[in-house]
Amino acid sequence: MTGLQTFTQQPLVDVVDLGVSSGSQPILEHISLQVAPGDLIGIVGPSGAGKTTLLRAIAGTIRPQAGSVRLSPDLRVGYVPQVETVNWNFPTTVNECVLMARTSRRFAWPTKVEKALVASVLARLELDGLADRHIRELSGGQQQRVFIARALLRSPDLLLLDEPTSGVDVALRHELLHLLAELRSDGMSVVLTTHDLNGVATHLPTLACLNRTIIACGETSSVLTPEILELTYGASMEVLEHGGMRLIVDSPEHTHPGFAHSVRPLVEENQR
Amino acid sequence: MIDELFHPFAYEFFRNGLIVATLAGALCGMVGVYIVVRGMSYLTHGLSHAIFGGFAASALLGVSFLLGAGVWGIASALAINSVTRRRPIGADAAIGVITTASFAIGLILFALFGRNGRSFDAALFGSILGVSLSSVILIAVVTVIVLTIIVFGYRPLLFTTFDPEVAAASGLRTGRIEALLMIVFAISILVSMQVLGVTLIAAALVIPPTIARLLTHSFPRMLMLSSGIGAACGFIGMNLSYHLNVQSGPGIVIVAAAAFLVVYSIKRPSGLQNQPA
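Chains as they are written, first to last, in the numbering used here: chain A, 1 to 272; chain B, 273 to 549.
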């Protein structure tokens with residue numbers, strides 16, 4: 001479905017005609033999607049579109065009713081859950097939290113190699129010095145990064161993040177996007193879900209627009225069109241360009257005239 | 273005075289009872305951590321009451337208590353686990369139905385066929401009378417097995433307990449791990465029932481981990497503290513029950529409850545609040 005990419009090597013993830021339902025209620029239908037090494041893909045769509053379900057299906061925690069999710073052999077997956085789903089009362093320090101995901105070893109106590117690995121991952125995510133703190137005692141951005149650190153400690157080939165920017169302010173959002181770009185340049189593939197079109201989606205190279213099925217998937221510039229967005233969100237949206245940046249606004253008929261002068265609707269430009 | 277304190281140690285049944293109570297306290301304190309951190313305390317009531325049904329049935333059928341109640345308890349535990357995972361109805365409600373029905377069956381069986389009032393009381397409230405050497409060996413073996421499972425499966429157990437979804441995404445077979453935990457809970461309750469009793473065993477599973485949680489925000493430290501607190505409550509409570517001439521279950525629970533009150537009144541836990549940060 002990505003279409004735009006030509007794969008020189010096997011995709012890491014190959015989702016073929018995937019269908020997931022809850023009882024008689026379909027959640028996902030006819031989903032086909034590929035994730036190649038080095039991809040950074042954002043899954044966007046309205047609430048209830050099935051974004052988290054698709055992510056979980058890729059992670060293999062949901063058994064599909066139709067189609068298949070094929071992962072390349074020995075693929076290591078790191079999964080970062082929505083912070084809203086974390087049990088913040090659970091007794092775990094930062095150090096214990098990141099270590100639990102290294103299940104290649106089963107004992108509580110880490111090896112010297114693991115200690116060094118934890119120290120380097122925590123330092124990379126600017127969490128050094130917080131190893132013995134309880135996860136609740138951290139700021140929102142630090143809490144988010146603990147769970148990214150936990151996923152990174154598995155040295156994943158594919159990082160899946162569920163709404164990593166929800167409840168995060170602008171500076172932290174930028175930090176996170178930088179980090180993801182960095183991880184991608186290290187050769188990691190990243191797939192994330194987001195409801196934030198302007199803050200996150202427009203900054204990603206590849207987007208999949210999801211509403212029970214994939215409406216469109218490809219390069220962000222080709223996917224973020226009013227037609228595709230309307231199909232995805234069921235609401236009229238305008239894509240504007242301002243200083244080389246894309247802006248998505250809903251209810252364009254209510255756009256303030258002054259604002260409309262300073263930004264040129266992209267569709268009009270394309271039509272010229 | 274000192275002589276009076278050591279007086280019961282002269283009796284073999286008391287020494288056996290004391291060892292069983294101390295080990296049961298440590299065992300329940302240890303496995304209780306995995307129950308309390310998930311907010312599943314209601315499970316302890318459910319499971320112990322379900323096992324009571326098996327206890328009564330095995331008494332009626334004349335089969336070994338361990339065999340009857342063991343099979344019944346493990347079956348109930350796996351049924352509860354399956355209900356909790358699928359959630360067609362509220363898990364707590366389903367557990368309430370399954371386990372109270374099982375308890376009711378036990379009560380009816382005792383009422384219709386039970387001739388021995390003492391064994392009925394012992395099942396409900398715990399007793400140290402008749403704690404034999406084989407009981408001591410049994411609980412020691414179970415404690416060692418459970419400790420081995422926790423040490424050798426520490427990270428998978430912790431990951432599954434804290435974050436089952438992500439643990440599954442990371443390749444752990446969380447269904448099996450949760451089933452294993454349920455079997456561990458059932459067997460721990462089973463071997464501790466003799467001294468603690470059905471109605472009070474939940475306290476031994478819930479109070480020591482709760483005290484430990486007030487004292488630490490680290491999971492491995494909570495495990496060790498809770499086991500130690502459980503053992504101490506078992507030891508002190510058993511002595512208390514002898515001197516006050518009450519059943520062992522209430523003796524142990526009252527010590528644990530008092531310890532909770534003391535710790536709760538002097539200690540504000542870190543990282544433990546009602547509202548998310």
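Everything labelled a hint here was simulated from the structure, so no lab data went into it. For every residue, glycine included, the Cβ atom is placed at its ideal position computed from N, Cα and C. A hint or two may mislead.
[To be verified] Pulled from the structure, derived: some chain B residues nowhere near chain A, Cβ distances all over 10 angstroms:
(1) LEU277
(2) HIS279
(3) PRO280
(4) SER354
(5) VAL423
(6) ASP435
(7) VAL438
(8) VAL535
[As the list claims (entries may be wrong)] One-sided and incomplete, this derived list gives chain B residues near chain A with beta-carbon spacing under 7 angstroms:
(9) GLU276
(10) PHE385
(11) SER406
(12) THR420
(13) ILE421
(14) PHE424
(15) TYR426
(16) ARG427
(17) PRO428
(18) PHE431
(19) ALA441
(20) PHE491
[What the hints assert, rightly or not] Straight-line C-alpha distance at most 20 angstroms; calculated SDA-like pairs for lysine to any residue:
(21) A:LYS112 x B:VAL423
(22) A:LYS112 x B:ALA529
(23) A:LYS115 x B:PRO428
(24) A:LYS115 x B:GLY500
(25) A:LYS115 x B:ARG493
(26) A:LYS115 x A:LEU125
(27) A:LYS112 x A:ALA123
(28) A:LYS115 x A:ARG133
(29) B:LYS539 x A:ARG154
(30) B:LYS539 x B:ARG493
(31) B:LYS539 x A:THR103
(32) B:LYS539 x A:ALA123
(33) A:LYS112 x A:GLU137
(34) A:LYS112 x A:ALA131
(35) A:LYS115 x A:TRP88
(36) B:LYS539 x B:SER490
(37) A:LYS112 x A:GLY129
(38) A:LYS112 x A:ARG124
(39) A:LYS115 x A:SER104
(40) A:LYS112 x B:LEU405
Here is how each hint holds up against the structure:
1. LEU277: 36 angstroms, holds
2. HIS279: Correct as stated: the minimum Cβ-Cβ distance to chain A is 41 angstroms, above 10 angstroms.
3. PRO280: The claim holds: PRO280 (chain B) sits with its nearest Cβ about 37 angstroms from chain A, beyond 10 angstroms.
4. SER354: 16 angstroms, holds
5. VAL423: 7 angstroms, violated
6. ASP435: 7 angstroms, violated
7. VAL438: 5 angstroms, violated
8. VAL535: 15 angstroms, holds
9. GLU276: This hint is violated: GLU276 (chain B) lies away from chain A, its Cβ roughly 40 angstroms from the closest one there, beyond 7 angstroms.
10. PHE385: Status violated, d = 44 angstroms.
11. SER406: 32 angstroms, violated
12. THR420: Violated: closest Cβ of chain A sits about 11 angstroms from THR420 (chain B), beyond 7 angstroms.
13. ILE421: 10 angstroms, violated
14. PHE424: The hint holds - PHE424 (chain B) has a Cβ within 7 angstroms of chain A, the shortest such distance being about 6 angstroms.
15. TYR426: 4 angstroms, holds
16. ARG427: Because about 5 angstroms separates ARG427 (chain B) from the closest Cβ in chain A, which is inside the 7 angstroms limit, the hint holds.
17. PRO428: 6 angstroms, holds
18. PHE431: 4 angstroms, holds
19. ALA441: Holds. Min distance 4 angstroms.
20. PHE491: 5 angstroms, holds
21. A:LYS112 x B:VAL423: Measuring from Cα to Cα gives roughly 19 angstroms; hence the hint holds.
22. A:LYS112 x B:ALA529: Roughly 41 angstroms separates the two Cα atoms, so the pair is violated.
23. A:LYS115 x B:PRO428: 18 angstroms, holds
24. A:LYS115 x B:GLY500: 28 angstroms, violated
25. A:LYS115 x B:ARG493: 19 angstroms, holds
26. A:LYS115 x A:LEU125: 16 angstroms, holds
27. A:LYS112 x A:ALA123: 17 angstroms, holds
28. A:LYS115 x A:ARG133: Holds, at roughly 16 angstroms.
29. B:LYS539 x A:ARG154: Cα-Cα ~37 angstroms, so violated.
30. B:LYS539 x B:ARG493: At roughly 16 angstroms apart (the allowed maximum being 20 angstroms), ARG493 (chain B) and LYS539 (chain B) satisfy the hint.
31. B:LYS539 x A:THR103: 34 angstroms, violated
32. B:LYS539 x A:ALA123: Violated, at about 33 angstroms.
33. A:LYS112 x A:GLU137: Not satisfied, since the Cα-Cα distance of roughly 27 angstroms exceeds 20 angstroms.
34. A:LYS112 x A:ALA131: 16 angstroms, holds
35. A:LYS115 x A:TRP88: 24 angstroms, violated
36. B:LYS539 x B:SER490: Satisfied, since the Cα-Cα distance of roughly 16 angstroms is no more than 20 angstroms.
37. A:LYS112 x A:GLY129: Given that 20 angstroms is the threshold and the Cα spacing comes to 18 angstroms, the pair holds.
38. A:LYS112 x A:ARG124: 18 angstroms, holds
39. A:LYS115 x A:SER104: Holds, at roughly 14 angstroms.
40. A:LYS112 x B:LEU405: 44 angstroms, violated
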